[in-house]
Amino acid sequence: MTADDRRPRTGKQETVRVIVRCRPLSEAEISQGHQSIVSMYPDRGLVELRNPKELQDPSKDFTFDAIYNESSKQTDLYDETFRDLVDSVLNGFNGTIFAYGQTGTGKTYTMEGKSSIPEERGVIFNCFEHIFQHIARSRNQQYLVRASYLEIYQEELRDLLSKDDRVKLELKEKADIGVYVKDLTTFLTKSVEEIQRVMSVGNANRSVGRTNMNEHSSRSHAIFIITIECSETGPDGENHIRVGRLNLVDLAGSERQAKTGATGERFKEATKINLSLSALGNVISALVDGKSTHIPYRDSKLTRLLQDSLGGNSKTVMVACIGPASYNYEETLGTLRYANRAKNIKNKPKINEDPKDAMLREFQDEIQRLRALLEERSRRKGGRGGLDESRSEEYFREQHMKLAADREHALRDTSLIMEVNFLVTLDVVTKKFVVNESKNTFFNLLDKVFVRF
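Numbering follows the UniProt record's numbering, with no gaps: position 359 of the sequence shown is 359.
Derived from the structure by calculation, the hints contain no laboratory data.
Idealized CB from N, CA, C, for every residue including glycine.
Errors might be hidden in some of the hints.
[Said to hold, decoys possible] Label-pair ranges, simulated between beta-carbon atoms: (1) 369 / 163: 52 to 62 Å; (2) 191 / 48: 41 to 51 Å; (3) 163 / 114: 21 to 31 Å; (4) 44 / 344: 17 to 27 Å; (5) 114 / 291: 40 to 50 Å; (6) 275 / 76: 30 to 40 Å.
Assemble the whole structure, with the sequences as input and the hints as a guide.
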C-alpha cells in the first residue's frame, strides 16, 4: 500500500461542507409540461424529492449545511458559503470549491456566472475580487498571487495556458505540497483584471460541445488553481511565509447517453466523464464507510488531483447542483445521495508554513495557556486560601520531570523557541505560582520573549 492510498493523519479534523443549489425550471421544461419535484427549506437546510411515478409515497429527505433555491443570488451564495474559505486560503490554508451535478444543472453558472453582469458573476470572479481587495487593504504583508489552469479531457491532463497543447503533463507528489502537475504553466497576477485575462485564455481552450441536455456542455473537468504566498516580518525581525492554494473545480456533468443523444466522439467523452465521476464516488464512499484502509485515489486523474481536497490537507466546499424537473428524478436523486455521502468526509487542514514558524505559533499559544493558568491559580488562591499543599507538591514534581526532559530536547535542538519556552515554564512552576513574585516574573519574561521574537 502506498502512502497516498492511506488516510492522511495530520491536522485538526473538519468535515467537508456540502451545499445544494437548485436551478429553476427552464422554458423548454415548462413548455413540455414537466413539473417540479423538488421542495427546498433553506431555514432547515432540507431538500425534499418526490418520485413523479409514485406520488403517494413519502418524499426522500436530505439535509445539508446550506441550500439555495431558484431565487438565490450569486452574491449571497458567495458571502454565506465561500468567503470564509477564501479568507482561510489567504491565511495559508489549502481550499477547494467544486461543483458536481448532472449536465445542465448550473455548475458552470455557479462557478463562473456571467462576468459582464455584476450581480450574476459566479464564485470564481467573486474570489478574484475578494483576494485582491484583501491584498489592497493589507499593510504589513506582501503577497504573490499565481494562477494556473488545466483540464482533464478523456483522462488526459491538458494545460489550458500553454502555447503547445501537445505537451504531455505528469502528476507528481511531494511530501510538503502533495499532488501537483509537473511543468504546468503559471502566471504571476497583480490585479483582478490580470487574473481574469488568464482565465479567459484558458476558457477559450476548454473542450466544450453540444448535447441534447446542454448547448454548451463542458466535455472536461476544469481546475483553476490560485496559489497565494504571504510574507510578513515577525517580531523576531525574520520573514515568515505562508502559502495557501485554492482549487476552483468545474466538473463535467454526469450523463446518460439516452438523454444526451451522444454519439461518436461525444459518446467517447461521456464514457470517460462518467468513469472519472464513478472513481470520485468510490473515493467518497471509501472515505466515509469507516472500514476502508485503502482509498482508491489512483483510479483516475481527477481523484489524484483532488486527493488533498477529499480526506487531506484542505478546507473543502462541495456545491451539488440539481434540476427540479420530473424527468430528471433519477439523476437528481443520484446527486443528492452523492452529496449526502460527501458531507461525512473528514479533512485535516493546516496552515502551510515553515516548521519553525509553526513552532513559534505553538509557543505563543503555550504562553497564552500559561498566562490563563497563572491568573486562574491566583484567583483561586485569593478566594480559598490556596491549593492543597500535598497535591501542589506532587504537581510541581511532575512538572519538573517533564521540564527536565524538555530542556534536554531543547539543548539538542538548539532552538531558541524551545529554550525560552523551557525558561518561562520553569520559572512559573518552581515559584509555585506565588502571586506577588511569580506573576511579575512571568509577565516580565513574556515581554522579553515578544521583544526577541
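Against the structure, the hints come out as follows:
Distance hint for residue 369 and residue 163: a CB-CB separation of about 54 Å, consistent with the stated range 52 to 62 Å. As the Cβ distance of residue 191 to residue 48 is approximately 44 Å, the hint placing it in 41 to 51 Å holds. Checked against the hint of 21 to 31 Å, the C-beta distance between residue 163 and residue 114 comes to roughly 28 Å, which is consistent with it. Hint check: residue 44 to residue 344, Cβ distance near 19 Å, so the stated range 17 to 27 Å holds.
Between residue 114 and residue 291 the CB atoms are about 45 Å apart, so this pair conforms to the stated range of 40 to 50 Å. Distance hint check: the CB atoms of residue 275 and residue 76 are about 35 Å apart, consistent with the given range 30 to 40 Å.
In summary, this structure violates none of the numbered hints.
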